[in-house]
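Protein chains: 2
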Amino acid sequence: MSLIVQKFGGSSVADAEGIKRVAARILATKEAGNDVVAVVSAMGDTTDELLDLANQLTDAPPAREMDMLLSAGERISMALLAMSIESSGSQAVSFTGSQAGMITDAVHGKARIIDVSPHRVRQAIDRGYISIVAGFQGMSRESNNITTMGRGGSDTTAVALAAALGADSCEIYTDVDGIYTSDPRIVPAAQKIDVISSEEMLEMAANGAKILHLRCVEYARRFGVPLHVRSSFNDHEGTWVLPSPEDNIKLQEGDTMEQPIISGVAHDRSEAKITVVGVPDVPGSAAEIFGVIAGANVNIDMIVQNISKAETGKTDISFTLPSVEGTDALEALEAARATIGFEDISYNDQVGKLSLIGAGMRSNPGVSYRFFEALHQAGVNVDMISTSEIRISVVTDAELLDTAVRAVHGAFDLDGETEATVHGGTGR
Amino acid sequence: MSLIVQKFGGSSVADAEGIKRVAARILATKEAGNDVVAVVSAMGDTTDELLDLANQLTDAPPAREMDMLLSAGERISMALLAMSIESSGSQAVSFTGSQAGMITDAVHGKARIIDVSPHRVRQAIDRGYISIVAGFQGMSRESNNITTMGRGGSDTTAVALAAALGADSCEIYTDVDGIYTSDPRIVPAAQKIDVISSEEMLEMAANGAKILHLRCVEYARRFGVPLHVRSSFNDHEGTWVLPSPEDNIKLQEGDTMEQPIISGVAHDRSEAKITVVGVPDVPGSAAEIFGVIAGANVNIDMIVQNISKAETGKTDISFTLPSVEGTDALEALEAARATIGFEDISYNDQVGKLSLIGAGMRSNPGVSYRFFEALHQAGVNVDMISTSEIRISVVTDAELLDTAVRAVHGAFDLDGETEATVHGGTGR
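As given, the protein sequences belong to chains U and L, one line each in that order. Going by the UniProt record's numbering, the first sequence opens with residue 1, and the numbers climb by one from there. Going by the UniProt record's numbering, the second sequence opens with residue 1, and the numbers climb by one from there.
It is worth saying that the hints were derived from the structure and are not from the lab. Take the hints with a grain of salt, since some may be wrong.
Have a look at the derived ranges for each label pair, beta carbon to beta carbon [unchecked claim]:
1) L:Thr403 x U:Asp45: 18 to 24 Å
2) L:Ser143 x U:Asp328: 48 to 54 Å
3) L:Asp126 x U:Ser270: 45 to 51 Å
4) L:Ile114 x U:Asp45: 58 to 64 Å
5) U:Gln56 x L:Tyr369: 44 to 50 Å
A few chain L residues that face chain U, going by a derived Cβ cut-off under 10 Å, partial list only [said to hold, decoys possible]:
6) Lys20
7) Leu70
8) Glu74
9) Met83
10) Glu86
11) Ser94
12) Phe95
13) Ser140
14) Asn144
15) Gly326
16) Thr327
17) Leu330
18) Ala332
19) Leu333
Bear in mind that the values here come from a model prediction, so they are computed numbers and not experimental data. All C-beta atoms, glycine included, are put in the ideal place defined by N, C-alpha and C.
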């Protein structure tokens with residue numbers, strides 16, 4: 001008998017009909033001979049409605065109370081889901097994050113899991129119950145307060161529970177059929193990926209792919225949990241995200257590790273580029289700049305330093321950062337202009353980042369050539385470049401990003417013959 | 001410095017404006033130099049909306065999950081109230097029933113409090129925080145599950161917390177100015193009672209007065225908690241419900257224990273009357289009847305046995321019961337007709353009960369005469385009578401109940417010169 005953890009997002013349980021559909025799926029999994037633990041987010045609009053109420057009362061809601069408020073959302077959806085399952089004659093019991101043993105640090109709004117002790121969930125499984133667990137929330141052992149985990153918190157809850165319970169797999173239900181080789185809204189010929197390594201999935205998530213949150217993939221990789229990303233609207237197999245082969249995990253029958261060289265093409269429009277012009281080319285200048293940026297709590301992504309102009313002894317340093325943090329970074333840099341001694345700053349948020357990801361590129365030296373040739377043929381100018389062992393990323397003009405993605409996708413034979421279907425997206 | 005527990009019902013926190021009003025009142029109490037603990041119900045329609053969702057999923061929601069669902073309501077209102085207070089610059093912290101140490105038995109939907117250990121609330125008070133506690137909910141120590149307490153649960157939570165914290169008083173905020181000598185909708189001349197003993201308040205609540213629940217008054221009496229029932233729409237003094245003088249509690253300055261003979265006239269339309277006709281007048285017949293009724297889980301109120309008719313050796317037994325339990329009682333009796341050997345049953349739910357309540361009637365022998373004379377003058381026929389040391393109750397025709405209430409109210413000089421104002425009502 002397998003133990004499967006299933007995670008359902010807010011759009012899957014948006015109303016009574018949705019809850020019934022989810023209940024039916026859980027029951028089908030149970031009836032197929034599996035033990036099931038379901039992790040559920042708050043119903044559709046609940047979070048927005050609660051946030052709206054809070055905003056009517058205060059501009060700066062205290063974080064502890066905000067967590068208390070938002071955690072009510074999962075309480076509602078999980079109790080309703082348990083009721084719906086029970087009405088079909090199976091036994092179900094719901095658990096809050098705290099009851100399920102999700103112990104977090106005390107950082108309200110973006111708590112991190114520090115321990116998972118799902119004794120009550122284990123006991124419920126042993127008694128034949130289906131357990132429904134609140135996603136997104138936990139309890140701080142330090143403060144005994146209720147915490148929430150921020151974006152992707154429900155996915156992470158599911159993976160953490162799967163790891164702690166030694167589940168055979170963790171199914172993440174979403175509104176698409178799985179992970180695609182690229183965003184089907186940009187590349188209609190994008191194909192569903194059957195199997196992808198956690199390592200590649202991490203690069204995909206970190207570089208703009210939206211379906212799985214980085215944090216959840218990191219957790220699954222660290223604890224060797226096989227993820228199955230699939231649609232809540234049909235019974236198709238989705239995408240398996242598997243910990244690396246060294247982890248020696250059992251693959252499902254029929255799966256193969258003979259993967260293509262390239263897994264997919266991710267893109268990201270959320271970044272901006274800052275160039276600090278005329279920086280004295282002496283040791284420590286770069287360190288000073290990034291020290292100032294770090295001091296402003298801004299995360300930087302790619303960095304390029306131009307070749308120094310010999311005649312001036314000055315250089316330019318460019319980097320990308322989330323464009324929402326642009327103002328903070330610019331203000332911090334301006335304040336340090338005299339200290340650092342640079343001449344000017346330029347800021348551009350009309351940029352896009354494209355990333356080619358594939359574990360196979362490690363042993364295929366022709367990948368870079370094919371990649372840049374495709375961009376060249378498509379008339380896309382490359383502004384910045386960064387690489388890892390299994391990824392090449394470039395920054396281009398935002399207007400050319402879609403063209404670039406389609407060109408690269410085609411050049412690596414990722415295009416399929418059928419068009420992917422597209423639905424909306426969700427958050428928690 | 002006094003410690004005051006304040007309870008606000010769902011209609012007081014129905015929307016953001018209501019929450020701000022409640023926050024302002026709590027802050028005013030704090031700024032007047034008191035420590036404050038506020039107990040709050042779910043916002044206005046929340047409970048009904050949650051019930052509606054549950055009913056869309058199942059006809060028979062499991063009680064444990066129903067409690068999990070409904071308890072989300074207070075979580076929302078208490079977090080919002082804490083936010084609203086914090087936005088005014090005072091420190092507030094919200095606690096669930098479980099966090100506030102409300103330990104109950106494991107009877108979901110109508111749990112009873114078995115222990116109150118408000119360590120965290122005490123700690124918050126000592127640090128100068130205003131505590132906001134979820135009403136209506138607790139945790140079973142036996143099952144570690146979340147429980148709810150049923151109707152009047154929030155009032156009872158407030159009184160129980162006040163008792164456990166040794167609060168100076170417990171203020172119950174409502175939409176009327178206090179307890180009235182009679183229902184102002186029937187007796188426009190009804191007057192607000194300034195002070196009433198717990199003993200009399202118990203009789204009022206048990207006999208149809210709606211403002212305070214029996215359970216909350218019982219609790220306050222047992223633990224010597226002075227209750228102050230007052231309006232959330234103004235700052236008027238309301239009604240003090242004081243444990244009996246023997247409890248030796250401190251009265252507020254200006255109060256007096258020189259109470260009138262009569263405190264008020266309560267009425268109740270929710271009962272029905274059953275008469276079992278032609279019961280063999282032998283020992284054990286009544287016991288058989290009431291055994292059958294108890295077996296059907298029906299609560300009876302008043303009982304009258306007619307004088308036996310010598311020629312037949314048979315008698316009639318009448319009793320009143322909640323009319324919602326009428327069908328159950330009739331079915332149980334019919335099933336036992338042969339065993340008991342009665343001739344017939346009559347059922348009448350067009351009856352009303354009127355109760356005159358006053359601790360002063362103990363030492364005033366003329367009360368009964370004045371009472372029945374008033375009914376006689378008003379042309380009201382009395383059907384059944386029952387009495388306690390501080391109460392006389394009669395059952396009359398439902399149509400004559402209002403007339404009867406007004407007549408008795410006037411006969412005991414309870415009428416005032418001004419008319420009372422009337423608002424709607426609430427539940428939790």
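A quick look at each hint next to the structure:
no.: 1; hint: L:Thr403 x U:Asp45: 18 to 24 Å; verdict: 52 Å, violated
no.: 2; hint: L:Ser143 x U:Asp328: 48 to 54 Å; verdict: 50 Å, holds
no.: 3; hint: L:Asp126 x U:Ser270: 45 to 51 Å; verdict: 47 Å, holds
no.: 4; hint: L:Ile114 x U:Asp45: 58 to 64 Å; verdict: 38 Å, violated
no.: 5; hint: U:Gln56 x L:Tyr369: 44 to 50 Å; verdict: 60 Å, violated
no.: 6; hint: Lys20; verdict: 7 Å, holds
no.: 7; hint: Leu70; verdict: 8 Å, holds
no.: 8; hint: Glu74; verdict: 9 Å, holds
no.: 9; hint: Met83; verdict: 5 Å, holds
no.: 10; hint: Glu86; verdict: 5 Å, holds
no.: 11; hint: Ser94; verdict: 6 Å, holds
no.: 12; hint: Phe95; verdict: 9 Å, holds
no.: 13; hint: Ser140; verdict: 12 Å, violated
no.: 14; hint: Asn144; verdict: 7 Å, holds
no.: 15; hint: Gly326; verdict: 30 Å, violated
no.: 16; hint: Thr327; verdict: 26 Å, violated
no.: 17; hint: Leu330; verdict: 31 Å, violated
no.: 18; hint: Ala332; verdict: 30 Å, violated
no.: 19; hint: Leu333; verdict: 34 Å, violated
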